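S.K.: Listed below are the residues making up each chain.
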Amino acid sequence: MNEQARTAVRGLWRDAGRRLTGNRIALAALGVIVLVALFALLAPALSPWGYDSLDWEHLALPPGASAAHWLGTDRLGRDLLVRTLHGVRLSLLISVLASLVSLVIGVLWGAVAGLAGGRTDGWMMRLVDVLYSLPYLFIVIILTTLWRRGSIAALLLALGAVGWLTTARIVRGQALALKQREFIEAARAVGVPAPAILLRHIVPNLLGPVLVYATLIVPQMIVFESFLSFLGLGVQEPHASLGNLILTGAQEMESAPWLLLVPAAFLVVLLICFNFLGDGLRDAFDPRAR
Amino acid sequence: MLSYALRRIAGTVPTLLVIISVSFCVVRLAPGGPFAQEQALPPPVRANLERLYGLDQPLTVQYAHYLRGLLRGDFGPSLGQRDFTVSELIAQGLPLSATLGLAAILLAVLTGVPAGVLAALWRNRGADYCITTLAAVALALPSFVTGPLFALVFGLYLRWLPVAGWQHGAPRYLVLPVLTLALPVAAYLARLTRASLLEVLGAHYVLSARARGLGAARVLWRHALRPALMPAVSYLGPAVAFVMTGSLVVETVFGLPGTGRYLVEGAIDRDYPLVMGMVVVYGSLTLLLNLIADLIYGALDPGVRRE
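Quick mapping for you: the protein sequence lines, in order, are chains A and B. One rule links them: number in my numbering = place in the first sequence (from 1) + 2. One rule links them: number in my numbering = place in the second sequence (from 1) + 880.
Just so you know, the hints here were simulated from the structure itself, not pulled from any lab data. This one's a predicted model, so the numbers in the text were calculated from it and none came from an experiment. Ideal Cβ placement from N, Cα and C applies to all residues, glycine included. Treat each hint with caution, since some may be false.
[Claimed, not checked] If you only want the chain B side, here are some residues facing chain A, beta carbon under 8 Å, derived:
1. 893
2. 897
3. 900
4. 901
5. 931
6. 933
7. 935
8. 1028
9. 1128
10. 1159
[Stated by the list, open to error] Simulated coverage check for chain B against chain A, where a stretch passes if three residues somewhere in it have a Cβ under 8 Å from a Cβ of chain A:
11. 937-947
12. 963-970
13. 980-990
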C-alpha cells in the first residue's frame, strides 16, 4: 500500500512538473527570480564598493553619470546598485526564512487541530479566525515592540507569527480529509501514538498543497518586510533593505528621483515574478483551480 | 434576521475582550518600559514616574484599572507625548483617518465592481484583458510603492496635485492618498466580481431566464447581479482591515496627521498606552465593520441566517 501511495505522489509531482514546464510565463518568472537572486548574491562581492562605503567625490550622482557607479549614488555617496542588491539579498533572506517559520507553525497548528477534532479543533480554529479578522500588520508592529529595534531575529519571528494563519486553515482541511483514510486508521489500530501519526503520516501527505502555498507566502513576506522597514520598524540604516531604500527615495524624490525608482523597480519586478510563478504552480498542481 | 443579528453581535463582544486582554499582556511583557530607553533615570525619579502612571501596581490591578478606564472612554495618558491623553490624540487623528478610509472604500466599490462586471460581460475580449491585467499589476504593487510614485508623477512632474500635506482636509490634498488606498481594493473587487459573475452567468436559473426570452440587461439586473455580488460583500470586512493597514503607509508618505502614524510612533517610542489605544480602536472598528458586512450578507442571502 505504501508503494502505491508513493507512485501516486510521484505521478502527481511529475504531472505538475510537466504542466509547469509548459507554462512559459511561469518559467520566465522563475528565470528572472533566479537571475536577480544570483546577481544580488554575487555582484556586491565583485563591486569595489560596500553597502556602507562612502564616496566623497560623488554625492547624489544620477544614474549613468559616472562609470564607477552604474545606477548613481545617494546623498552620502553610497553606490545605489550595490545598496539595492544588498537590500534584495536581505529582503529575500528574511522573507524566505519568515515563510519557513510561518509554514512550520501553520502546518503543526493545522494538523493538530484537524487530527484532534472536536472542541480542541473548535478553539484552535476560533483563535485563527480572531487573528484573521484583525489587520495582521498591527500584530507584527506590536510584536516588534517586544525586541530591540532593527533586530533581524525579531523581524523574522514577528513576520512568521502572522503568516501561518492561511497555512493552518489549508492544512486543517487536508488533515480532516486525511484522517478518514484507511492508512491512518491502520496506523492507529496497530498502536502508533498520535504525535508519530502526525509527523510520520499526516504531515508528509500534506506537503504538495503547502509547497504551492509557500511560493505565494514568499512575496507576501517580501511586502511585509519592506513595509516594516519603510515605516522604520524593520531593517535600520546603514543596512539596506528594499523598504528603507524606498523610504529614503520617497523622502528625496524631489532632488534625486532615481533613489526611489531603482529600488522600487527591483521590488516590483520581484513581486510580479513571484506572483506569476505562484499562479503557475497553483495551476500545475490543481488544474481545476483555473 | 433579528436572531441572526443578535447572535452575530453577541459573538463580537468576547472577541473584543480577548483582543484587549492579549494585547495588554503582550505590551506589558515587553522588556524595558517607556522610561528604560532614555538615559538611565535616577532610581527615585523612576520610581516616582512609575507610581504616577500606576506601573508599580500588580498587573491584575493595572488591568482592572485599564478596563474601567476604557468603559469611560479613557485610554490613559500618552507616555510619549506627555501633554496629551491617548483619547485626545485619537480624537485629533481619527476623523481624518476615517474620512480617508471611507472615501477609499467607496471609490474602490464604485470602480472595482463595475470594472469586474464589464470584464465578465466582455469575457476574453480586449477590454477584459485590459481590466484583468491592470488588476493583476495593481494587486502586485504595495501601497508604499504606488504612493510615492503617484506623488512623483502627479505631484512633481505633472503638477496636478499637491505632493503632501493636508491643509485641514482640503479635498485636493486627499485625492492621491485616497487613490493609493483604493487601488488594490478596487483591483481585488474587480477580480472577485468578474469570477463570480462568470460563474453565475453559467448557472441554470440564468440560462432558464434567458430561455424564457428575457433580455440580457434584464437577466443581468434582476437575476445575475445580486448573487454575483455576494463575494464582494463578504470581502468588505477584510478590505477594511486592508485599508487600515494601508493608512499607516499613506499617512507616512503624504504627511497626514491621522491615527495611523500614532501606531508607528507609539511602537518606536514604546508609548504603551498609545499602542494599546490604537489596538483597541482599530480592533473594535474592524470587528464592527466585519459585523456590518456579516449583517448585509445575511440580509442578501437568507441561507446564511440559518445554521
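S.K.: For the hint on residue 933 of chain B, does the least C-beta distance to chain A fall short of 8 Å?
M.R.: violated, 17 Å
S.K.: So, as I understand it, the hint says residue 900 of chain B touches chain A; can you test that by seeing if any CB pair is closer than 8 Å?
M.R.: Because about 12 Å separates residue 900 of chain B from the closest Cβ in chain A, which is outside the 8 Å limit, the hint is violated.
S.K.: Counting residues of the stretch 963-970 of chain B with a beta carbon closer than 8 Å to any beta carbon of chain A, are there 3 or more?
M.R.: violated (count 0)
S.K.: Taking beta carbons only, do three or more residues of the stretch 937-947 of chain B come closer than 8 Å to chain A?
M.R.: Not satisfied, violated; 0 residues make the cut.
S.K.: Is the shortest C-beta separation between residue 1128 of chain B and chain A less than 8 Å?
M.R.: Since chain A brings a Cβ to about 6 Å from residue 1128 of chain B, closer than 8 Å, the hint holds.
S.K.: Answer holds if the nearest beta-carbon of chain A is closer than 8 Å to that of residue 893 of chain B; otherwise answer violated.
M.R.: Nearest chain A Cβ about 13 Å off; hint violated.
S.K.: Count the residues of the stretch 980-990 of chain B whose Cβ falls closer than 8 Å to any Cβ of chain A, and tell me whether that reaches three.
M.R.: It is violated, with 0 qualifying residues against the three required.
S.K.: Take the shortest C-beta to C-beta distance between residue 931 of chain B and chain A; is it under 8 Å?
M.R.: Violated, about 23 Å.
S.K.: So, residue 901 of chain B near chain A? Judge it on the closest CB pair being under 8 Å.
M.R.: Because about 12 Å separates residue 901 of chain B from the closest Cβ in chain A, which is outside the 8 Å limit, the hint is violated.
S.K.: Could you check if residue 1159 of chain B really has its C-beta closer than 8 Å to a C-beta on chain A?
M.R.: With Cβ-Cβ at 6 Å, under 8 Å, it holds.
S.K.: At a threshold of 8 Å, is the proposed contact between residue 1028 of chain B and chain A supported by beta-carbon distances?
M.R.: Interface hint status for residue 1028 of chain B: holds (4 Å vs cutoff 8 Å).
S.K.: Are residue 897 of chain B and chain A close enough, Cβ to Cβ, to be under 8 Å, as the hint says?
M.R.: Result: violated, 11 Å to nearest chain A Cβ.
Hints 1, 2, 3, 4, 5, 6, 7, 11, 12, 13 from the earlier list are contradicted by this structure; the remaining hints agree with it.
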